[in-house]
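One line per chain: the protein sequences are S and Y, in this order.
Offset between the first sequence (1-based) and my numbering: plus 6.
Offset between the second sequence (1-based) and my numbering: plus 4.
FYI, nobody ran anything at the bench for these hints, they're computed from the structure.
In this text, a Cβ means the ideal position worked out from N, Cα and C, and glycines have one as well.
Do not rely on the hints blindly, as some may be mistaken.
If we take Cβ atoms under 8 Å as the criterion, some of the chain S residues that face chain Y in the derived model are [unchecked claim]:
no., residue
1, 9
2, 11
3, 12
4, 14
5, 18
6, 19
7, 42
8, 43
9, 44
10, 65
11, 94
12, 96
13, 97
14, 98
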Amino acid sequence: MFGKGLIKGLGITGKHLFNRKVTEFYPEQKPVLPPRTRSSMYLDVPKCTACGICANTCPNNVITITSGKDENNKRVLTGYTMDTGRCLFCGLCTEACPSKALHTTTEFENAVYVKDELLWDMMKKYKADASKQEEGKDNG
Amino acid sequence: MLRTDEIQINIGPQHPSTHGVFRMLANLDGEVVTKVESKVGYLHRGMEKLAESRTYPQFIPYTDRLDYLAAIAANIGYVQTVEKLMGVEIPERAEYLRVIFFELQRIASHLIAAGTNSSDLGGMTPFLYAMADRERILDMFEMTIGGRLTVNLPRIGGIIEPPEEFWPALKKFVDDLPGMIDEFNGIITGNEIFQARTKGVGVLSKELAEGLSITGPVLRASGVKWDVRKNAPYGIYDRFDFEVPTGENGDCFDRFVVRLREMEESGKIIRQAMRDIPEGPTFAKVAKVVKPPVGEIFHRVEGVRGEIAYYVVSDGSTKPYRLRLRGGSFINIQMLHHVVPGWKFADLIAILASLDIVLPECDR
Numbered sequence: 007m008f009g010k011g012l013i014k015g016l017g018i019t020g021k022h023l024f025n026r027k028v029t030e031f032y033p034e035q036k037p038v039l040p041p042r043t044r045s046s047m048y049l050d051v052p053k054c055t056a057c058g059i060c061a062n063t064c065p066n067n068v069i070t071i072t073s074g075k076d077e078n079n080k081r082v083l084t085g086y087t088m089d090t091g092r093c094l095f096c097g098l099c100t101e102a103c104p105s106k107a108l109h110t111t112t113e114f115e116n117a118v119y120v121k122d123e124l125l126w127d128m129m130k131k132y133k134a135d136a137s138k139q140e141e142g143k144d145n146g
Numbered sequence: 005m006l007r008t009d010e011i012q013i014n015i016g017p018q019h020p021s022t023h024g025v026f027r028m029l030a031n032l033d034g035e036v037v038t039k040v041e042s043k044v045g046y047l048h049r050g051m052e053k054l055a056e057s058r059t060y061p062q063f064i065p066y067t068d069r070l071d072y073l074a075a076i077a078a079n080i081g082y083v084q085t086v087e088k089l090m091g092v093e094i095p096e097r098a099e100y101l102r103v104i105f106f107e108l109q110r111i112a113s114h115l116i117a118a119g120t121n122s123s124d125l126g127g128m129t130p131f132l133y134a135m136a137d138r139e140r141i142l143d144m145f146e147m148t149i150g151g152r153l154t155v156n157l158p159r160i161g162g163i164i165e166p167p168e169e170f171w172p173a174l175k176k177f178v179d180d181l182p183g184m185i186d187e188f189n190g191i192i193t194g195n196e197i198f199q200a201r202t203k204g205v206g207v208l209s210k211e212l213a214e215g216l217s218i219t220g221p222v223l224r225a226s227g228v229k230w231d232v233r234k235n236a237p238y239g240i241y242d243r244f245d246f247e248v249p250t251g252e253n254g255d256c257f258d259r260f261v262v263r264l265r266e267m268e269e270s271g272k273i274i275r276q277a278m279r280d281i282p283e284g285p286t287f288a289k290v291a292k293v294v295k296p297p298v299g300e301i302f303h304r305v306e307g308v309r310g311e312i313a314y315y316v317v318s319d320g321s322t323k324p325y326r327l328r329l330r331g332g333s334f335i336n337i338q339m340l341h342h343v344v345p346g347w348k349f350a351d352l353i354a355i356l357a358s359l360d361i362v363l364p365e366c367d368r
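One chain only, chain S, in its complex shape (with noise of 0.2 Å):
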């Protein structure tokens, strides 16, 4: 008979109506993402080396580092940036370094209103964030 399988159809659609709904309501609700995820870089400053060895393994040269010597002729980061418009977020950079400096993170909200904020000071970026964890500290 013709029309069978549009009526089956229509009860399949139908059934799915009163189904578990799958859809979230981003931003009101945030989605948990798994701690694998791969959407925004974080140098720990301390345990890096300045080796560079991150910059020498990304495919589309995103790191840019620069280094100096200490009072005991030992190198120390003096500049840490990531291009991020040319990153392809791949996580290779992450998986190379040694001393596990460089870790990706969830945060995914990385959306820019200008072109120069896509170039990541990661030193900036800790401080900012150690001084964010101060401040909770003293207020806690």
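With the hints as your guide, set chain Y onto chain S.
What follows is chain Y alone, placed relative to chain S:
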């Protein structure tokens, strides 16, 4: 009959039915298409040339960006090529994991194919159901490696071990898969309007399909039993028991049904892999700096849209001297010129939808 002038109309490159930036120039006589010309290359990024300036591991994330609906297929094809060139044997567990992820990716991509095929013909609802089902696969990828579309999952010499919560999610998905496919059969395959628009439309004969070196589900829908997983097994595919579904008529309907049946077979493979997977490491011992010996190598895998093949020439340095890649979409598009003339304009959309092309893979 009154003859009128032919008109040439342009479709795409920005059009929802062209699945990306595909452009067609169609000559129309009334409503009948007399000639169709495909214009590709809007998404050309020079992948083969890019490979020459990247080291071997650095090119893996680029293979994600060939076929964005089936990134793992291109990933695994590439790493297997380099491993073959280097003569690296990867651990058993890694082989099984690769099969599981490859087949999950095939299901995810075919879900999109089924959904977009239906939405191009006017049925939006199944597309959203397909997206919801595919979301579960993408969630599994995300918990394993952190990426959803551009996963960058395998590495030269192994694959990343999924976390513990992956296995229950996989089991639940594989158990639910037959139900999902039944739902699609109920809502699309059995739909009389869908059948009227696809049955007998855009018939690709067996001879023409073979002559144009068409591969993948489009070839199998024309009745050719050819699947690299069966005919020239790579990895550990010779250990699995599965069917190669084929169509009879080679029309749009067959191409759709073959994909649904392939999803069932992929589910079967995943179930066997889950049963047999051994414990152990997932990485072989490979030097940090990948330096394959001087030589050249050809390797192919059964991708989602057709055969994915890599041809790598190594000069012994850390970067490939030359890399050539083949994707299914570019070659499958050829059939439009031969099949579309004579069909109505609305059928052109139906035929293109049943082809399931992905443009980044085509333009590279």
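How the hints compare with the structure:
1. 9: holds (7 Å)
2. 11: holds (4 Å)
3. 12: holds (6 Å)
4. 14: holds (5 Å)
5. 18: Holds - the Cβ of residue 18 of chain S comes within 8 Å of chain Y, reaching about 5 Å at its closest.
6. 19: holds (6 Å)
7. 42: holds (4 Å)
8. 43: holds (5 Å)
9. 44: holds (4 Å)
10. 65: Holds, because the Cβ-Cβ distance from residue 65 of chain S to chain Y comes to roughly 4 Å (cut-off 8 Å).
11. 94: holds (5 Å)
12. 96: holds (4 Å)
13. 97: holds (6 Å)
14. 98: Interface hint status for residue 98 of chain S: holds (7 Å vs cutoff 8 Å).
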